[in-house]
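Undergrad: First to last, the protein sequences are chains R and V. Under the numbering used here, the first residue of the first sequence is numbered 1, with each subsequent residue one higher. Under the numbering used here, the first residue of the second sequence is numbered 1, with each subsequent residue one higher.
Simulated from the structure, these hints should not be mistaken for laboratory data. It should be emphasised that the depicted structure is a prediction, and the values quoted were computed from it without experimental measurement. There could be a bad hint or two in this list.
Given that identical chains are not distinguished, each listed pair holds provided it fits within a single copy or across any two copies.
Taking lysine to aspartate or glutamate pairs in the EDC-like style, the calculated list, with each CA pair at most 20 Å apart, reads [what the hints assert, rightly or not]:
| hint | residue 1 | residue 2 |
| --- | --- | --- |
| 1 | Lys329 | Glu541 |
| 2 | Lys521 | Asp80 |
| 3 | Lys3 | Asp30 |
| 4 | Lys509 | Glu491 |
Protein chains: 2
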Amino acid sequence: MEKHKVIIIGGVACGPKTAARIKRLNADMDVTIIEKGEFLSYAGCGLPYYLSNEVNDYTELMSTPTGVVRDAVFFNKVKDVRVLNKTLAEGVDREKKVVNVRNLDSGETKEISYDSLVLAVGASPFIPPIQGVDLKGVYSLTTVEDARNIRDMQGVLSGKNVVVVGGGLIGLEAAEAFVKQGMNVTIVERLKTVLAALIDPEIAYHVHNELKSKGVNLCLDDSVEKLVGDNEGRVKSVVTEKGEFPVDFVLMAIGSRPNAVLAKNMGLEIGDFGAIKVDACMRTSDPDIFAGGDCVENINIVTGKPAFTPMGSVANKHGRVIADNICGKESQFKGVAGSAICKILDINISRTGLSEQEAKKEGCDYITLLSPSPDKPHFYPDAKLIIVKFVVDKKTRKLLGAQIVGPGDVAQRIQVAVTAVSNGSTVDEIGCLDLAYAPPFASAMDNIIVCANIARNKLDGIARSFSPVEVKEKIMNNEDFIFLDVRGPDEYEMMRIEDPRVKLIPLGKLRESINELEKEKEIICFCKISLRGYEAQRILEAEGFGNVKFMDGGVVCWPYDKFVQSA
Amino acid sequence: MEKHKVIIIGGVACGPKTAARIKRLNADMDVTIIEKGEFLSYAGCGLPYYLSNEVNDYTELMSTPTGVVRDAVFFNKVKDVRVLNKTLAEGVDREKKVVNVRNLDSGETKEISYDSLVLAVGASPFIPPIQGVDLKGVYSLTTVEDARNIRDMQGVLSGKNVVVVGGGLIGLEAAEAFVKQGMNVTIVERLKTVLAALIDPEIAYHVHNELKSKGVNLCLDDSVEKLVGDNEGRVKSVVTEKGEFPVDFVLMAIGSRPNAVLAKNMGLEIGDFGAIKVDACMRTSDPDIFAGGDCVENINIVTGKPAFTPMGSVANKHGRVIADNICGKESQFKGVAGSAICKILDINISRTGLSEQEAKKEGCDYITLLSPSPDKPHFYPDAKLIIVKFVVDKKTRKLLGAQIVGPGDVAQRIQVAVTAVSNGSTVDEIGCLDLAYAPPFASAMDNIIVCANIARNKLDGIARSFSPVEVKEKIMNNEDFIFLDVRGPDEYEMMRIEDPRVKLIPLGKLRESINELEKEKEIICFCKISLRGYEAQRILEAEGFGNVKFMDGGVVCWPYDKFVQSA
Numbered sequence: 001m002e003k004h005k006v007i008i009i010g011g012v013a014c015g016p017k018t019a020a021r022i023k024r025l026n027a028d029m030d031v032t033i034i035e036k037g038e039f040l041s042y043a044g045c046g047l048p049y050y051l052s053n054e055v056n057d058y059t060e061l062m063s064t065p066t067g068v069v070r071d072a073v074f075f076n077k078v079k080d081v082r083v084l085n086k087t088l089a090e091g092v093d094r095e096k097k098v099v100n101v102r103n104l105d106s107g108e109t110k111e112i113s114y115d116s117l118v119l120a121v122g123a124s125p126f127i128p129p130i131q132g133v134d135l136k137g138v139y140s141l142t143t144v145e146d147a148r149n150i151r152d153m154q155g156v157l158s159g160k161n162v163v164v165v166g167g168g169l170i171g172l173e174a175a176e177a178f179v180k181q182g183m184n185v186t187i188v189e190r191l192k193t194v195l196a197a198l199i200d201p202e203i204a205y206h207v208h209n210e211l212k213s214k215g216v217n218l219c220l221d222d223s224v225e226k227l228v229g230d231n232e233g234r235v236k237s238v239v240t241e242k243g244e245f246p247v248d249f250v251l252m253a254i255g256s257r258p259n260a261v262l263a264k265n266m267g268l269e270i271g272d273f274g275a276i277k278v279d280a281c282m283r284t285s286d287p288d289i290f291a292g293g294d295c296v297e298n299i300n301i302v303t304g305k306p307a308f309t310p311m312g313s314v315a316n317k318h319g320r321v322i323a324d325n326i327c328g329k330e331s332q333f334k335g336v337a338g339s340a341i342c343k344i345l346d347i348n349i350s351r352t353g354l355s356e357q358e359a360k361k362e363g364c365d366y367i368t369l370l371s372p373s374p375d376k377p378h379f380y381p382d383a384k385l386i387i388v389k390f391v392v393d394k395k396t397r398k399l400l401g402a403q404i405v406g407p408g409d410v411a412q413r414i415q416v417a418v419t420a421v422s423n424g425s426t427v428d429e430i431g432c433l434d435l436a437y438a439p440p441f442a443s444a445m446d447n448i449i450v451c452a453n454i455a456r457n458k459l460d461g462i463a464r465s466f467s468p469v470e471v472k473e474k475i476m477n478n479e480d481f482i483f484l485d486v487r488g489p490d491e492y493e494m495m496r497i498e499d500p501r502v503k504l505i506p507l508g509k510l511r512e513s514i515n516e517l518e519k520e521k522e523i524i525c526f527c528k529i530s531l532r533g534y535e536a537q538r539i540l541e542a543e544g545f546g547n548v549k550f551m552d553g554g555v556v557c558w559p560y561d562k563f564v565q566s567a
Numbered sequence: 001m002e003k004h005k006v007i008i009i010g011g012v013a014c015g016p017k018t019a020a021r022i023k024r025l026n027a028d029m030d031v032t033i034i035e036k037g038e039f040l041s042y043a044g045c046g047l048p049y050y051l052s053n054e055v056n057d058y059t060e061l062m063s064t065p066t067g068v069v070r071d072a073v074f075f076n077k078v079k080d081v082r083v084l085n086k087t088l089a090e091g092v093d094r095e096k097k098v099v100n101v102r103n104l105d106s107g108e109t110k111e112i113s114y115d116s117l118v119l120a121v122g123a124s125p126f127i128p129p130i131q132g133v134d135l136k137g138v139y140s141l142t143t144v145e146d147a148r149n150i151r152d153m154q155g156v157l158s159g160k161n162v163v164v165v166g167g168g169l170i171g172l173e174a175a176e177a178f179v180k181q182g183m184n185v186t187i188v189e190r191l192k193t194v195l196a197a198l199i200d201p202e203i204a205y206h207v208h209n210e211l212k213s214k215g216v217n218l219c220l221d222d223s224v225e226k227l228v229g230d231n232e233g234r235v236k237s238v239v240t241e242k243g244e245f246p247v248d249f250v251l252m253a254i255g256s257r258p259n260a261v262l263a264k265n266m267g268l269e270i271g272d273f274g275a276i277k278v279d280a281c282m283r284t285s286d287p288d289i290f291a292g293g294d295c296v297e298n299i300n301i302v303t304g305k306p307a308f309t310p311m312g313s314v315a316n317k318h319g320r321v322i323a324d325n326i327c328g329k330e331s332q333f334k335g336v337a338g339s340a341i342c343k344i345l346d347i348n349i350s351r352t353g354l355s356e357q358e359a360k361k362e363g364c365d366y367i368t369l370l371s372p373s374p375d376k377p378h379f380y381p382d383a384k385l386i387i388v389k390f391v392v393d394k395k396t397r398k399l400l401g402a403q404i405v406g407p408g409d410v411a412q413r414i415q416v417a418v419t420a421v422s423n424g425s426t427v428d429e430i431g432c433l434d435l436a437y438a439p440p441f442a443s444a445m446d447n448i449i450v451c452a453n454i455a456r457n458k459l460d461g462i463a464r465s466f467s468p469v470e471v472k473e474k475i476m477n478n479e480d481f482i483f484l485d486v487r488g489p490d491e492y493e494m495m496r497i498e499d500p501r502v503k504l505i506p507l508g509k510l511r512e513s514i515n516e517l518e519k520e521k522e523i524i525c526f527c528k529i530s531l532r533g534y535e536a537q538r539i540l541e542a543e544g545f546g547n548v549k550f551m552d553g554g555v556v557c558w559p560y561d562k563f564v565q566s567a
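The shape of chain R in the complex, shown without the other chains:
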């Protein structure tokens, strides 16, 4: 019997995973990977850490944990998979079931036939049609070659100027690498906040503060108009709507686009985001052709709607499902939660599910909350702050999404939120989770439990609050209210919001000072993190005050100007 022939186009993440799994499930299949680049199976997400010198040798990004480079020989010997690298798949004839390939070194072309075809062709950085983007010294960061080009300049980078165009994940991770090399870094972002597709402004503001505190020049709400070159065709400055920045080089990082041209030419169905449409088995509109990784459209498990979320972790899961289905094993990909995490200098940022902006766009009826707390008991050495935001559906009480920011351990908490969102858990269920507890790792009331409890209090109408963004708006609108700080005088001396509405009454004195407050007036209570702010709301309501709220997250979550005593 002739062997079942599988051709996989693309050798970075989904492709090699598919190939390896197929061979484990059915050693009789004949599997070929076609890859246009030289390198296979590399960790694209590791490139920023190669840039920053944290990863010394780029081959580590394409090695097994025991140091074996996953090259064509490796795939052949260990996985029994044929690899054609430096080979371009120029076209596919679906009738004849053949792929037309061209060797990029020799120029030689040939036809290879398949029984099953897998498209794992990835995504490419989006390079906007701006004047000067083709100048020397303008880079993107998608391939090992990109990273090597920049890294080759190492040693002379310190003191040099770079403009990073785009404040998304890759832009920020690259900015970190450049800051670490002592460069002057400017980030130009078209929108008003960084990571705008991922996190809400009230979370992004804390990222802005971190970037600024580390000397990054953050140009928000600004667009690149052109790149200017010198006589030798090398970029020398970046002109934006608001200014001009001299540069030694430029990194373009304004997002990526699925590589769907081949699929489009083949007549396969393409989705709203320009990515290849697949069903839950990762099958395209042609039943013999599968697709996975950064070139396909996913389904968001919260909204049930299509999403484009290129991510190495997702690509690997796609590969498993594709292999299973090619080998006749039932298997489905359940969709994405839109999870992301990153470290930028001394701050960690993560998210899953829906942001508030997304929940609003979806027409959800939701509440939000902000909870800043140490990631361990405050008495344990090295406890660090994290700020958690929850978005919760009002009617079902389900967690729709979470965002976490801060220097502390965000990973431990976001993964719980991912799991809870994926399970459709309510905040009542989350509040009961028996999360593992010991002081070196977490507080007795873990940050996630605290958030679930705040959400329950809000949904039950016990806790009532404004977000800092809402309070700021009220101030900008010149509204009259008492902005009641219930911390101690020492805390007030060290850090405070300076506004004439602020009145200081420590919580322990609130009951005896009740006559200092007017019952008719709107009162917004806060403290350091607004646990006492919430207590104050309850005390005042018990005393007959009718219009009391607290401010989510207290002065710690106030991202705007505030007085902070210098050490």
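Starting from the known structure of chain R, fit chain V onto it as the hints suggest.
TA: Leaving out everything else, chain V in the frame of chain R:
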């Protein structure tokens, strides 16, 4: 109208939480806490870190994050809660609904009446009836006073001898503190492994190795027969079944028992573990009396059976539920997953759900697996090993429990397992979780995803394995098999299992060396972590070998003697 009077007996964790929540829900209630000790609302789980000097001042353990000590004045001023400390609740008359209390300083007694009563009286260290336990220098570690007594000796501890009796959580955490102070530490544990109630032997062995490598004298399968004192009534040595150890002091840490005498005297129902029986609303057999914290019995959410799991994190959740029910708000405690986590020197250990031992006892039909992997991509600086064990139900494919051990980030993974076990997730669902991914935090295929996939492969009959414990048994039984190491020669040089059954054929050479292996013979493949071991199993099966398995977790998870090249 007369105020509703709530009396709470116990002021450490559940009690204060109950009091504060009641006042937030209904300021009109009259709430009194009765506490026999001087101190309130302290973090008992922080005591080992006070011992080790990581926490400088014991008052930090009973302070709010802003440094306010939660004493009687604090509770009165801030929470509007009356506190009677140094006061013993001697008895309760359920007919008259009064508590008889005695002030431990003045000896004064009085009756206080209640409408609702809460028992939050905690647990006490179990002190076995051994000769000499009442000698001077014999401590336990439950109260702040205990910790202060030991800490008062600090500065002279280095070089001194201590025997810790009991290898449970508190015993090990205290042992860490003593090692850090330069003491000679002996642990005497009655069972064959440490943490035997929590983790399986194949996980515990790695803890043993860590303790031994840090100089701890580990006496397993041994019992204390008596403590011997000097002329001044001070302990000078510990005599066990197997030896005698001179000591400067002794720490008894063989577990705790619920404080249920008062409840028993009151005629309340007591459960199998000697703890107070409560319903899901935390109500005792008397509808006006609630109980929570370390003195009550919980329900294990996996087995549905009673469990005694004293834990500060659980006590806080109890408090919330009790307060809600006293205030007429519907609220239930869903039970415990038996989660635990601890750090012992340079190793972290955590668990949730059922261990293999427990699953066996419950009569479950299960599979297990071991997966050792770095906690981040191997190329990222500071990636550290963690070993994950899953116990999975064969029929339902649900995760029954997880155990994780290693120097790396176990917390991030155990909390996902806690959430998954709580949701009754199958390994198929867990394998699809869109866990947040970036190299500083996790690998593209997170450890938990890898484990879920291994479990699916095993359940589907694709992957077949023995645990290291099973292989060791086969060796001890002199069974004949090929113990096939498929790593490279370099790896073999650095670390190897030394047994005549071992045969080295690197995976990349396996196909061409197939004739070196006898088809009839049993073959057990392994590599460093047994990913290649699994590949080898699949390759050999495809070549017609009928009796092939791999060994779970490879040489990394082999906890027995092995050759390791010194650096």
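Undergrad: Please go over all the hints and tell whether each is borne out by the structure.
TA: Cross-check of the supplied hints:
1. Lys329 x Glu541: between (61 Å within a copy, 18 Å between copies)
2. Lys521 x Asp80: Cα proximity of lysine 521 and aspartate 80: none, with 76 Å in one copy and 24 Å across.
3. Lys3 x Asp30: within (6 Å within a copy, 81 Å between copies)
4. Lys509 x Glu491: This pair counts as within: shortest intra-copy Cα distance 15 Å, inter-copy 68 Å.
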